[in-house]
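Peer 1: Please model the complete structure; the sequences and the hints are all you need to start from.
Sequence order for the protein chains is A and B.
Each residue of the first sequence is one higher than the one before, counting from 1 in the working numbering.
Each residue of the second sequence is one higher than the one before, counting from 1 in the working numbering.
Source of the hints: derived by calculation from the structure; they are not laboratory data.
Relax, there's no trap hidden among the hints.
Simulated pairs of lysine-lysine, DSS-like, Cα-Cα distance not exceeding 25 Å:
| no. | chain 1 | residue 1 | chain 2 | residue 2 |
| --- | --- | --- | --- | --- |
| 1 | A | Lys13 | B | Lys75 |
| 2 | B | Lys75 | A | Lys28 |
| 3 | A | Lys206 | A | Lys28 |
| 4 | B | Lys79 | A | Lys13 |
| 5 | B | Lys79 | A | Lys19 |
| 6 | A | Lys28 | B | Lys79 |
Residues per chain, in single letters:
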Amino acid sequence: MSTTTTASPNEAKLWGGGKSPFNSEYGKVMMWYFLMSDAFTFGAFLISYGTVRFSTNGWPNSNEVFRSFPFAPDGVHAPLVFVSIMTFILIISSVTMVLAVHAGKNMDKQGVVRNMILTIIGGIAFLSCQAWEWNHLHSEGAWWGMNPFLNADGTASSTNFTNFFFTITGFHGFHVFSGVVINIIMLIMTLLNKFEQRGHYLMIEKAGLYWHFVDLVWVFVFTIFYLL
Amino acid sequence: MSHSHTDQEAHNAEAMAEIKKVTIILSVFTIIELILGFWMISMTSVSLKLAIKGTIVILMMAKAFYIVAYFMHLKHEVKNLIMTIVVPLLLFVWFISAFLWDGSSFRNLRNNYDPHFKEQATIKVEQKEEEHGAAKHEGSEAKHEGAESKHETAKPEPAPYY
Numbered sequence: 001m002s003t004t005t006t007a008s009p010n011e012a013k014l015w016g017g018g019k020s021p022f023n024s025e026y027g028k029v030m031m032w033y034f035l036m037s038d039a040f041t042f043g044a045f046l047i048s049y050g051t052v053r054f055s056t057n058g059w060p061n062s063n064e065v066f067r068s069f070p071f072a073p074d075g076v077h078a079p080l081v082f083v084s085i086m087t088f089i090l091i092i093s094s095v096t097m098v099l100a101v102h103a104g105k106n107m108d109k110q111g112v113v114r115n116m117i118l119t120i121i122g123g124i125a126f127l128s129c130q131a132w133e134w135n136h137l138h139s140e141g142a143w144w145g146m147n148p149f150l151n152a153d154g155t156a157s158s159t160n161f162t163n164f165f166f167t168i169t170g171f172h173g174f175h176v177f178s179g180v181v182i183n184i185i186m187l188i189m190t191l192l193n194k195f196e197q198r199g200h201y202l203m204i205e206k207a208g209l210y211w212h213f214v215d216l217v218w219v220f221v222f223t224i225f226y227l228l
Numbered sequence: 001m002s003h004s005h006t007d008q009e010a011h012n013a014e015a016m017a018e019i020k021k022v023t024i025i026l027s028v029f030t031i032i033e034l035i036l037g038f039w040m041i042s043m044t045s046v047s048l049k050l051a052i053k054g055t056i057v058i059l060m061m062a063k064a065f066y067i068v069a070y071f072m073h074l075k076h077e078v079k080n081l082i083m084t085i086v087v088p089l090l091l092f093v094w095f096i097s098a099f100l101w102d103g104s105s106f107r108n109l110r111n112n113y114d115p116h117f118k119e120q121a122t123i124k125v126e127q128k129e130e131e132h133g134a135a136k137h138e139g140s141e142a143k144h145e146g147a148e149s150k151h152e153t154a155k156p157e158p159a160p161y162y
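Peer 2: Here is the structure:
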C-alpha cells in the first residue's frame, strides 16, 4: 500500500490499469460514498426543517427553549451555555480521533489506544449531555407531538418545532451512538493486535472518517437549531 | 535509512502542526459563533439580526470545510476522488434555494388566502404572560377572541424540573 501512495499522480499511467486511480483503499472510497449518501439524508431533514419554518408565521425562540443547565437552580436562564459545552466535547473528540489516525499511520499502537479511549470518552460524554437535554425537555412537556413552548411573539405554536428537534437530534445521536460502538470495536481490535498483524491501521482511518462526519453534522445541527 | 527516518519525522511535525492549526481555527470560529449568538438574544433590529445570521452561516460553512479538508484528509486525496464527492454535493445549492423559496411562497399564499392561518399568527396565548406576572391587562383584552383558540391549542402544564 505504501508503495502506491508515494507515486506521483501521472494521469496517463493512473488510468492505464494496474494501479488504484484514486490512490486510495477500496473500503475508504466506499466509506466516502456512504458518508455522501448520509449527508443527503441529513440534508433532507434539515432542509425540510427550513422549509416548514419558512412556511410558518411564528416559531419558538431557541434561547427560551434551550436555556437550562444540569444542577443549576430552578428557573435559571443560561441560553447556549449547555449546547456550547456539547459542541466543544464533539470538537475535542474529533481532534483525538485525528491523533489516533495519525498514530495509526506511524504504526504507533500505544498512541492509537490512548487516543481511541479519549475519543470514546468524548462520544459517551456527548451522548450523556444529549440524554440529559432530552430528559429535561421531556419533563417540560416536550416530545414528538407535544410542544409546550410558545412562538417567540407569544402566539400558539405547532408541534413542528419539537417534532423536527427530536427527529433530527435523535438521528444524529443515533449516529454518535453507532460511532461510539464502532470506535469500541476498533479499540478492541487494536488491543488484540489485529492491525499490527495486518501491517496497517486503515480501519482506524475509516472509523475516523465516520466519526468526523458525525462531528460535521453536529456543526450544522447546532447552528441551525440553536443559533439561527 | 537515516535520511528516510528524518523525512518521516519532518512529515510528522508538519501533520501535527496542521492538526493544531485546524483545532484552533475550529475553536475560534465556534467561539465567534457563540458570541454572535449571545449578542443576537437582546437584539431587536431585524436587518442586523439577518446580517448576523448570514455571518453565522458563513462561519458554519468554513468549519465544515476545515473538518472535511483537513480532519477527513479530503484535501490530500487525488483530485478525481475529491470531484466525485464534492460535485454531487453541489445539488444542495439547488435543494436549499428551491425548498426555502417554496416554503416562504407557501406562507405568503396562506396569509393571503387562508384567513384562519393569518389570524392564528395574531392571537397571543396568555399562559406565558401570566407566568411572568406581566402584561395582565393585555391578556384580558385578548381573552374574548383568544378563549376559543385556547381550547384548541391547550398545552400540557410544564412540570417542575428538579
